[in-house]
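Line by line, the protein sequences are chains A and B.
Heads up: the first sequence begins at 1 in the working numbering, then just goes up one per residue.
Heads up: the second sequence begins at 1 in the working numbering, then just goes up one per residue.
Hints are not guaranteed to be accurate.
To be verified - For each label pair, taking beta carbons as the anchor points, the in silico distance ranges come out as:
hint, chain 1, residue 1, chain 2, residue 2, range
1, B, Ala51, A, Leu146, 28 to 38 Å
2, B, Glu46, A, Ser147, 22 to 32 Å
3, A, Lys161, B, Lys35, 10 to 20 Å
4, A, Lys358, B, Trp23, 22 to 32 Å
5, B, Glu66, A, Val170, 49 to 59 Å
6, B, Lys55, A, Val143, 38 to 48 Å
No lab work stands behind these hints: they were computed from the structure.
Quick reminder that beta carbons are idealized off the backbone N, C-alpha and C, glycines included.
One letter stands for each residue in the lines below.
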Amino acid sequence: MTRVLRSIILVLFALALSTNLLKASEELAVADTVSPKKFNTGELIFDHIRDSYEWHVTTIAHTHIGIPLPVILYSQNSGFHVFMSSNFHHGTEEFNGFKIAAEGKYAKKVVEVLADGSEVRPWDFSITKNVVSLFVSVFLLLVIFLSVAKRYREKYDEAPKGLQGWIEPVLLFVRDDIAKPSIGNEKYEKYLPYLLTIFFFILINNILGLVPIFPGGANLTGNITVTLVLALFTFVITSLSGSRNYWVHMVNDPEIPLWLKFPVPLMPIVEIMGVFIKPFVLTIRLFANITAGHIVALGFYSLIFIFAEKSYFAAYGISVISITFTVFMSVLELLVAFIQAYVFTLLSALYIGLALEKHESHA
Amino acid sequence: MGLVMPDFGLFFWMLVTFSLLLWILKRFAWGPILKALSDRENLIVESLKSAENAKEEMKRLQSGNEKILREAVLEREKIVKEARDLKESIIRDARHEAGIEANKVLENARVTIERERVAAISDIKSLIANFSVEIAAKILEEKLADESRQKELVQNYIDKINLN
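Just chain A, with the same shape it has in the complex (with noise of 0.2 Å):
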């Protein structure tokens, strides 16, 4: 039933644009009575952040379009399992004995049903919305870093042009205004490929989730798997270029009286447990960021039907302000696109120049 009322979403959007209200409110009200289950906001909301098995692009009346994805699953009871997402038929149907749950521990997951009816979930390697994303925004990044590393190859001399000029002042941002004050001058470049690397994908699918169609749309830096996996990266090259020094003075820094490490080594503790919160952090601040901002503009665009459910002409003059704080709301996530990749990007690189330090900079 949501799907219905996001296509009217869809209908709505296009109003608000267009002079023909009149013909338009007639459709709307025969849509209206063929969808009479109150609106849930909560599920429209979640429906779009969370990750699912086939890409829905919309639902016009009663027809879902979609694209259906592979879903891969290795079971321990039955081996493995590749077929297409269509075979669930939008989660309401059982296919060689897998379901999409509805609810529970594995709610919209796939999930293996046993003899006994028990449900267990397998390793679920399927092409998810959010790794489709995933794939195209790599591709992306690759087609456009390698056609500039193109140009930059046969004509370094010359002054940059097209996609380059958009591409050189971020990277040469990220470079002298992240990496060399972070890291410092000496042993940045070793580090700069890593640090380009996840500002540009951290911002371009930032950028990707804010459009609202097909291949853009999925929540794929809101995902919390996802911050993780590039939070670990972080830590992991953290921790493996840290300095003696950087391990000494965490467990033992002389600088801290002997009470607080001696006998309950107190500061050792912290500083250990601050080892792994800062990747959490970087996970959780990321995440937080990108879902908020979906939620919220989701949120003002559900105002609308939450009042048609009250009057027409409530929903009518809603509408107008939601489609306002919305385009604010985009705008805003547009800067907390760039934001976001940048906070990333600079913490990963305080990090990083943090596990680097010698004694001698702590004067």
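Starting from the known structure of chain A, arrange chain B on it as the hints suggest.
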């Protein structure tokens, strides 16, 4: 809760894809791009430096030119002076040579004249001797008759002989 629980499948794909992306971009994009950027920066720094150097060189060349010009003027003056000196010395030498030559000619003339004079004198002497003999003969012829007369005549002649 589903929202904050990491998902295994996505974790796997993200790890693999991001690692590949990092490797490919590092190898084929960041490497060449960053190298090109630093190359370009070096090129600009070097170009500015070489422009500065060229300016310095130009200045040096200019001052060098002036020095050369000054030297050329001095050189010219020196050459002109030398030429003048040479001319004067040639004239002087020529004059000197001519004097010597003239003296030589005069000397020769003098020697010749002397020789001729001596020869003439000896000729005259021999002539006088002959005359004397002839006179003597004549006197002898004329005066031999008259003794006194002879004597007078001889005396007369002898008086007349003048050895100018």
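Hint check:
1. At roughly 35 Å, the beta carbons of Ala51/B and Leu146/A sit within the given window of 28 to 38 Å.
2. A hinted range of 22 to 32 Å for the beta carbons of Glu46/B and Ser147/A is consistent with their spacing of about 28 Å.
3. In this structure, Lys161/A and Lys35/B meet the distance hint of 10 to 20 Å, their C-beta atoms being roughly 19 Å apart.
4. The hinted range of 22 to 32 Å is satisfied by Lys358/A and Trp23/B, whose Cβ atoms lie roughly 30 Å apart.
5. A hinted range of 49 to 59 Å for the beta carbons of Glu66/B and Val170/A is consistent with their spacing of about 53 Å.
6. Our hint of 38 to 48 Å for Lys55/B and Val143/A holds, since their Cβ atoms are close to 45 Å apart.
Violated hints for the displayed structure: none, as all numbered hints are satisfied.
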